[in-house]
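Q: Here are the chains, one letter per residue:
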Amino acid sequence: LAKTTQPISMDSYEGQEVNITCSHNNIATNDYITWYQQFPSQGPRFIIQGYKTKVTNEVASLFIPADRKSSTLSLPRVSLSDTAVYYCLVGDVVEEYGNKLVFGAGTILRVKS
Amino acid sequence: GAVVSQHPSRVICKSGTSVKIECRSLDFQATTMFWYRQFPKKSLMLMATSNEGSKATYEQGVEKDKFLINHASLTLSTLTVTSAHPEDSSFYICSARADGSNQPQHFGDGTRLSIL
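For the protein sequence lines, the chains are L and W, in the order given. Letter by letter, the first sequence follows residues 1 to 113 of my numbering. Letter by letter, the second sequence follows residues 1 to 116 of my numbering.
In case anyone wonders, no lab produced these hints; they're calculated from the structure. By construction, the Cβ of each residue, glycine as well, lies at the ideal position given by its N, Cα and C atoms.
Straight-line alpha carbon distances no greater than 25 Å define the calculated SDA-like cross-link-like pairs of lysine to any residue that follow:
id: 1; chain 1: W; residue 1: 55; chain 2: W; residue 2: 76
id: 2; chain 1: W; residue 1: 42; chain 2: L; residue 2: 80
id: 3; chain 1: W; residue 1: 66; chain 2: L; residue 2: 102
To be clear about the criterion: a stretch of chain W counts as covered by chain L if any three or more of its residues have a C-beta under 8 Å from a C-beta of chain L, and this derived list gives those stretches:
id: 4; segment: 39-45
id: 5; segment: 103-116
Example chain L residues on the side facing chain W (calculated, C-beta under 8 Å, incomplete):
id: 6; residue: 32
id: 7; residue: 34
id: 8; residue: 41
id: 9; residue: 42
id: 10; residue: 44
id: 11; residue: 46
id: 12; residue: 49
id: 13; residue: 102
id: 14; residue: 103
id: 15; residue: 104
id: 16; residue: 105
id: 17; residue: 106
Working from the sequences, and respecting the hints, build out all of it.
A: So, in structure tokens, the structure goes:
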């Protein structure tokens with residue numbers, strides 16, 4: 001299982017773009033990269049998933065370089081409600097009986113007004 | 001889509017009680033579900049992988065007789081904390097993955113278990 005490394009915390013202001021980078025140097029060929037958001041006393045919420053290059057959805061973008069040893073979650077124009085813990089996970093989603101996810105420490109994002 | 005319901009959201013009970021937590025995938029089928037435990041200000045720790053129609057796979061250090069898992073159908077997995085003690089107090093979270101390739105896990109909203 002690929003181990004991930006993220007910054008412990010980040011601070012930002014409302015309206016700014018926030019980029020959180022995750023390192024996963026030993027990512028395997030079949031591994032996908034998935035990002036989750038977690039608020040206190042709630043389960044993690046799926047944000048975005050990708051394999052290579054760039055993926056964009058209605059809430060975020062995910063940038064993955066060619067070597068796939070890192071990835072960057074980009075949150076455009078954050079608001080106070082984006083204050084949460086963000087987890088980067090790497091796992092094999094092709095595996096027949098589901099991917100085993102190992103959560104790292106995550107990044108605490110604090111958005112200030 | 002991809003909604004996972006976890007019930008109950010909070011349980012407070014006496015030491016020695018057994019507590020059952022349900023995890024349901026509401027709008028998709030999940031051959032595999034996962035159970036996690038989370039301590040305050042800590043990350044999620046995988047406890048076990050629940051497979052429909054077969055025995056659960058437990059992570060190292062997790063007592064299978066303490067944490068009974070049953071995956072009765074493609075949309076329901078249960079975790080029973082048997083003879084719970086104060087040290088079992090924690091936040092328990094389940095997740096489910098839709099069948100098919102490239103599907104991410106979707107999580108329930110967790111169960112706060114408090115043993116007095």
